[in-house]
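Residue numbers (UniProt numbering), protein chains in the order written: chain A, 1 to 331; chain B, 1 to 336.
Simulated from the structure, these hints should not be mistaken for laboratory data.
These figures come from a predicted structure and were not determined experimentally.
Glycine residues also receive a C-beta, built at the ideal position from the N, C-alpha and C atoms.
Just to be clear, a hint being listed does not mean it is correct.
[Stated by the list, open to error] Sample of chain B residues at the chain A side, in silico, Cβ under 10 Å: (1) P43; (2) Y44; (3) D72; (4) V73; (5) S74; (6) V101; (7) V104; (8) A120; (9) Y136; (10) S163; (11) V242; (12) K244.
[Unchecked claim] Pairwise CB distance ranges (calculated): (13) B:G263 - A:V143: 45 to 53 Å; (14) B:R109 - A:L174: 23 to 31 Å; (15) B:D200 - A:L174: 39 to 47 Å; (16) A:A127 - B:V297: 51 to 59 Å; (17) B:F42 - A:L252: 42 to 50 Å.
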Amino acid sequence: MKDDRTKRPVRPQWPAWEMTLAALIVAAGVWSTTLSPYYLSLDQIFGSTRFFIIPGLLALGLAMVVSLGEIDISLASTVAVGTVTLSKLSMFGVPIGFAAAAVVAIGALLGTLNGVLAARFGLPSLAVTLGAMGAYRGLAFIVGSEVGYTDFNDSYRWLGATRLFDDIVPVSLLAFAAVAVAVWLLMHRTVFGRYCFSIGLNRDASWFAGVNVVKIKICAYALASALAGLAAVVWVGQYGSARGDNADGSILFVVTAVVLGGMDINGGRGTIGGVVLALMLLGTLRNGMGLANIGGPTQTVVLGVLLVGGVLRPAVAAALARLRRPDNADV
Amino acid sequence: MVNRRELGKLGAGLVLAGLAPRLATAKDSGFKIMMTPKWTGFPYFELTGDGAKAAAKELGDTLIYAGADHADVSLQVETLQNFVNQKPDAIILAAIDLNAVAPVLEEARKKGIVVTTYDADAAVPARDMFVNQLSYEQAAKVMLDAALIDVPEGGEIAFVAASPTSPNHMAHIKIMTELTKTDPKYQVFKVVDTQFAGDDDAKSYDVAVNLMQAHPNLKVIISSSAVSAPAAARAIEASGHVGKVYATGFALPSAIKRYLENGSQKAFAFWDPFELGYVAAYETHMKLAGKFDPSKVGATIEVPKANATFTAGKDGEVVYGKPLIFTKDTVGKYDF
């Protein structure tokens, strides 16, 4: 008997959580249809996705950092640095292509700074990025002004404001989809991604195996903040406004999406697909509740319950697995 | 054969059919109005919502009040987009960022939705009218009036603003400073300092303490910030300056009731948020019914419940303009 078991090939693991999320999305969609007669319209649903592109880009970036067992709560402040920088570049008539590249590069630079402090000097990432959150927000207020800037050139607005195919599909949604695929490939199909998860599972073992832990971590932070730079380009297009307080307070939603998506907050486990599905679930719920004019506090409670559910899920799943297969408990 | 009576009916029917569209456009009640404040759950905004609901009920409209539970402009835009998708007749809002809400409001106006701002304006092309609680001039005067209640003989005064870029605070300070030089009523005051506290409670407290140390003869600390004014009152009490220095400016009655009742402070100013919301909804209704056109400078509208007639100014701005001063005797009447 024992021999049989050791010879048994590794069973492909069903992505149980992703399946659950997909089912929940369908349920949330059906629920939304009953909540509001205005929900079920292609124009409406595609339009509503625009509100999840910016937190979505941040969530994809954060997922990379979380896979390492680290956290970056400064991403929303980085978005603000990006938007006010774009306002300056627009003022000087810099073409959007160059401006966007510059802002993504500035994002990467700020992220590198976080990464160096957290990885090279071994400081706790929560403390480092808490400081960075304040510092970058301050920087955004210095570069921009509280009055804000609005005279963006039309080309600056294209990515965030345009909708294609009969004015239905937002360009920003297509951009998000492309980034999501790229991040998925990076995290699940490249050596870099494998290293990220291995560092998250066991940093020391990875180091002994020859992984350049510091370099990988710095790269992940830089990529996450570069995506925050891209989010800034979307912001400017969508809202046509750049102020130091842009995107303030959006990080809770981003963390919720990452955790609900099945990323283990301690690192080493999770999928990018799960994060994208979690974003879709949260988006559907918010859209439906918003159209039904359900109050802000109620919506926050629903989000909070989902977040707690997301955190408890692995523990509950492990407990259930143990109950189901008591013979494996001592293996 | 069609007899004469039937022909008559047909004729009457045709006349009615011809009239029907005109009757439909002259609709003057049953509008669907949707309202969002900067954020929900804050007593001040809840009262503006209650006031708007009261107006809608009287006028036979439906008013839906909703929004996020914290001031976040992307959530506000999302709320507004959800409103637009529900095809209301009008939207009323207090804008968090005057420019960021503009694209969605312009989309709303293109669809024929009337857009009214109150409390905090949006970019002018994005809305039909702005129901402004107080003009800068009125705000400046009412704060100085409150300061006169504190110290009738006058003396040194100092200002606390949110930041050098906060437009309304800086405008108030500029006008107040001018009034202390030009208006005989206010010439008893001498402006000695202006500090910034970023609408932050702890910082306002520190700033107030510093002001009292730096200016030993200081009589009144004035702030347009509903955060800073109560914090200054607390600092005065805690640092043992009661009776020597007073705080005033804009503050919610609930935040300063204690100081007025224990006698450490004498007067603060604000306006009636319930009535502000009522007036905003009332004027929006009249605009929908075609009885008030805020785009015409000088157009007037009477609001019986508010006991006032309001006049449209430049850029569709309608000043509500009824400041309130709270003292020990009146503060108990307000529950916000």
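Verification of the hints:
1. P43: With a minimum Cβ separation of about 14 Å from chain A (threshold 10 Å), the hint on P43 (chain B) is violated.
2. Y44: 15 Å, violated
3. D72: 5 Å, holds
4. V73: 7 Å, holds
5. S74: 7 Å, holds
6. V101: Since chain A brings a Cβ to about 8 Å from V101 (chain B), closer than 10 Å, the hint holds.
7. V104: 9 Å, holds
8. A120: Since the shortest Cβ distance to chain A is 13 Å, the answer is violated.
9. Y136: Because about 16 Å separates Y136 (chain B) from the closest Cβ in chain A, which is outside the 10 Å limit, the hint is violated.
10. S163: 6 Å, holds
11. V242: Constraint on V242 (chain B) not satisfied, violated at 34 Å.
12. K244: With Cβ-Cβ at 34 Å, over 10 Å, it is violated.
13. B:G263 - A:V143: 45 to 53 Å: 47 Å, holds
14. B:R109 - A:L174: 23 to 31 Å: Between R109 (chain B) and L174 (chain A), where Cβ atoms are some 28 Å apart, the hint holds.
15. B:D200 - A:L174: 39 to 47 Å: The hint (39 to 47 Å, Cβ to Cβ) holds, given that D200 (chain B) and L174 (chain A) are roughly 41 Å apart.
16. A:A127 - B:V297: 51 to 59 Å: 57 Å, holds
17. B:F42 - A:L252: 42 to 50 Å: 19 Å, violated
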